[in-house]
Structure formats: C-alpha cells, structure tokens
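Work out the full structure: start from the sequences and follow the hints.
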Amino acid sequence: VYFKVDLEDAFSSVLLPEGMLSYFTVRTHDSEGVCITSNHYAWFSPIIFTRCMDHYLREVRREAALVNLDIKIEHFQDDVLGGASCEQDAISGRRLVTTVGRRHHFIVSEEKSEVGVRVTFCGLICQGLEVSPVIKDKYGLSEPAVAQSMKEYNGLADDQSRRKWIRSWAGRFQWLRRWLPYGSHGTLYQLYKLTSSPSPTAVEHVTSLCRNYFSGLLSLYVIGGSSKTPILGSCLIVDTNKDAWSCMLLQIFSVSKDETGEIGPDGPKWLRELDSLTKEVCHGLGLVLPPDREAVMLPLAIDGCALSPLEVKRSSTVKERRGMIRAVVRNLALITTPLAVVSDNKNSSAWWNEVELDYADSEEEYRGLLLYQRTVWVTIWSCREGCVSFIDALARGITTDTSVEDRGVHIGRDPLQELIAHVAELGQDDQVRVTSDDEEQQNAVGFVIAPCLI
Numbered sequence: 001v002y003f004k005v006d007l008e009d010a011f012s013s014v015l016l017p018e019g020m021l022s023y024f025t026v027r028t029h030d031s032e033g034v035c036i037t038s039n040h041y042a043w044f045s046p047i048i049f050t051r052c053m054d055h056y057l058r059e060v061r062r063e064a065a066l067v068n069l070d071i072k073i074e075h076f077q078d079d080v081l082g083g084a085s086c087e088q089d090a091i092s093g094r095r096l097v098t099t100v101g102r103r104h105h106f107i108v109s110e111e112k113s114e115v116g117v118r119v120t121f122c123g124l125i126c127q128g129l130e131v132s133p134v135i136k137d138k139y140g141l142s143e144p145a146v147a148q149s150m151k152e153y154n155g156l157a158d159d160q161s162r163r164k165w166i167r168s169w170a171g172r173f174q175w176l177r178r179w180l181p182y183g184s185h186g187t188l189y190q191l192y193k194l195t196s197s198p199s200p201t202a203v204e205h206v207t208s209l210c211r212n213y214f215s216g217l218l219s220l221y222v223i224g225g226s227s228k229t230p231i232l233g234s235c236l237i238v239d240t241n242k243d244a245w246s247c248m249l250l251q252i253f254s255v256s257k258d259e260t261g262e263i264g265p266d267g268p269k270w271l272r273e274l275d276s277l278t279k280e281v282c283h284g285l286g287l288v289l290p291p292d293r294e295a296v297m298l299p300l301a302i303d304g305c306a307l308s309p310l311e312v313k314r315s316s317t318v319k320e321r322r323g324m325i326r327a328v329v330r331n332l333a334l335i336t337t338p339l340a341v342v343s344d345n346k347n348s349s350a351w352w353n354e355v356e357l358d359y360a361d362s363e364e365e366y367r368g369l370l371l372y373q374r375t376v377w378v379t380i381w382s383c384r385e386g387c388v389s390f391i392d393a394l395a396r397g398i399t400t401d402t403s404v405e406d407r408g409v410h411i412g413r414d415p416l417q418e419l420i421a422h423v424a425e426l427g428q429d430d431q432v433r434v435t436s437d438d439e440e441q442q443n444a445v446g447f448v449i450a451p452c453l454i
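In UniProt numbering, the protein residues as written are 1 to 454.
Calculated from the structure, these hints are not laboratory results.
Since we're looking at a predicted model, the values are computed, not measured.
The beta-carbon is built from N, C-alpha and C at its ideal position, and this holds for glycine as well.
Computed spacing ranges between beta-carbons, pair by pair:
{"hint": "1", "residue 1": "Ser349", "residue 2": "Val329", "range": "18 to 24 Å"}
{"hint": "2", "residue 1": "Glu354", "residue 2": "Arg62", "range": "52 to 58 Å"}
{"hint": "3", "residue 1": "Arg367", "residue 2": "Ser315", "range": "20 to 26 Å"}
{"hint": "4", "residue 1": "Gln77", "residue 2": "Glu364", "range": "24 to 30 Å"}
{"hint": "5", "residue 1": "Cys383", "residue 2": "Lys193", "range": "31 to 37 Å"}
Capping the alpha-carbon separation at 20 Å, the derived lysine to aspartate or glutamate pairs in EDC-like fashion look like this:
{"hint": "6", "residue 1": "Lys4", "residue 2": "Glu110"}
{"hint": "7", "residue 1": "Lys313", "residue 2": "Asp243"}
{"hint": "8", "residue 1": "Lys164", "residue 2": "Glu152"}
{"hint": "9", "residue 1": "Lys4", "residue 2": "Glu59"}
Below, the structure is given as structure tokens:
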C-alpha cells in the first residue's frame, strides 16, 4: 500500500544559516570601485534544502524502527512517497511523516496526502508494480481533439501561431516520452526542430506520435530488490536505424521456479525469444542461479533520440555503437551492474577499432566512451528480427501500417501480466496488501494491445 505526503512551500521554509550566507553570495566591482553583493539563490539554497530533506527522512526512519514500523520512504523535491505491507502500516507511516515534518515546521497539506493501492506522485500513477503517466483531459489527447487540432493547423496564417501549435504538441509528448513506443523518440526530436521553422511536415510528425500513443503506451514495471526477488543486473537492448536510435532497459531478477509459469508454444513469439535471450544474458554475465531459481527480465525504461546530420552519414556499425554509448550514458542512474548490452549489429560485439577517432569527437563523448567501458560487462549479438521485435513488442508492437482499424487494435490486458502474476505474489510481505477480486477489477489498468502481441 502506498502513501503520499505533500509539503506546502517546503523550499522557502528552509532558510540559509546566517553564517553560511557568504558561501552563496557573489561580489562584483566596477571601474569606479563600487562593490555590489548579490545572492543568486535569494535567501534559499537547493543544496541546503536537499540536505534538510535527507535529515528529515532519516529521522522518520529512525523513529519508525523504534516502534517496529516497516515502511519505505523517499522524496522528490517536496513530495514524500512511502510504501508498506498493509493499509494500517501505511496510515501509521503517513502519520509519522506528518508529525516529524510539523516538528520541523513544515506545512503538511492534508487534502493532497493519499493512502491506497494507487496514488498519484509527481504526475505519475503508482499502482502495484506498474508506473504510468497521469493524462489530464486538458491536454486534449483524444481522437476527436487530435482531428480538430489538425484542421486548426492548416488554417493558421502566420509562423508564430504555427510555432505555438508545434510547441504545444511537442510539450505533451515530451512528458510521455518515457512510455512512447519504439521509434517515437526520433519523431519527437524532428518535431522539436520545427519550432524554429514551421513546415507542413509537423502534421505528419504529430499524426505519427498520436497514432503510436493510441496504439498503446509501454508498461514500466517496478519490481525486485526484496529478499525474495533480488535484482541480478540489467540488460540494455539497443537498435539504431538510418537516422535515430532507441533502447529499452530491462531489469534482471531472480524468482522461484515454482512461482513462474511456462511460456507455451502458443504464446507470443517475441516473449519466447525474450526468454531465450534472458538465458544468453545470464550466461554472458556469468550469473549462476540455484536449481530452484530462474531469471526473468522486465522493462524498466525506454529511451531514444535522433542522430546528428554528421552521424547519419557514418556506417551502420559506427551509428549502432554511438547509440549504445548514449543509451548507457543517459540511463546510468537506472542501471544495476552487471550490465549486458544487446544489439542486432554483429560488428558491435567484435573489437572496436579507431575508438578515439569514431566515438570521441569531443571531451563529452570521450567521457561517455570511458563510462561505457567501465559499465558494460558484455555485448551480445541478437538477430535483427529478434532484437527489434523485443523493443517493438514490449513497446506495444507499432507497425508501419497507418490504419488503426486494419490493425484490429482493441483493449486488453498487458501480455506481460501473465509473466509476473506469480512473481507479484512473492513479495506480498514487502509490497502491497492482497486485494479482493472486486477491488482488483476496479483498479485494473487497461492497455491497448496491437495484434502482433496476440
């Protein structure tokens, strides 16, 4: 069960100690000797605020341990998110966080605080093992609203209005980019470039992004880390085409064989291929599991971006390796070592020649290359169909067909739900309480599934 505590105006509640003001001020002198002292952070500091929040949560954890209250708490800025194994502990945890916060003169917003199996935290919906974005009606992400917006763009007379229209749509999909299917990130990048020089191709880019959105968003799973489902490592699947790269980060964790279901011959082909890849990844990383344990991989994040004009002219191997380096650098905070990188370019798993010449054009790229060498344990080759199908299918299997009706898109349950159904039961002591069938049906999240997953 989750609980959330919202602190009102917490940043301005933490003042700089008088003795530390000199560390945050800047003095300037002009030619006439006039001295001006300025404080760029006003009287507040993000560094001091972060330290205060860390001290605040450490105090909560200490007091929770004294009363044997088993809760997990973290914060993002002035919002605190917690979890407990039952509703009673979640209520007690929220009460403790509120009490300690008020002791330190924080203002707690009772109406914004939540307790339940589903809470909204910083624009995200946390429910069970899944994390999904909050979609507000005012964003206009519905089929009638999209069709109306397309007609409005054709009637705009000046470039300023067109730029405003493009920025509006780019901003909506920028928030959703972590859940957008494979191939959408390059399209979003091209849409952003049109904010400076609008053109009719903006409608094509928005149409493509909307089609991918209505075909279904990726499911991101938060699981593992407990004593019963330990995290073994990470796997990064990377694919690069002629002008963009995409990647998917998966967590590898260990579960009991008795609690996992078999993927039968009638199951999705990509899911069976992913099961085979899991074994290859574990072998490449040297992960040896006991006879009664099995490794499972589930998606944690998706990312991607367009290549630069100079990179587009390079060979497929150079583009693939550059995409691999950027995928590691951009997702470093989510990676659990050891890390395996999977690519459909066979040369990428071979010896890298002329490293500095091809992959270190600047100091930033050189640092990224060194980070890649320190982080990646093994590079594994997967066939083109297999590697791309993993990303495609896990990201809702978007095809090149532009007709939603012809693809037979329909509402259904996430196909990965079957894979983790028993895994979720393993961590009952560590995560959410057991819900009744009625409650589970009421809180169930519907996913749009393309037919290639069926």
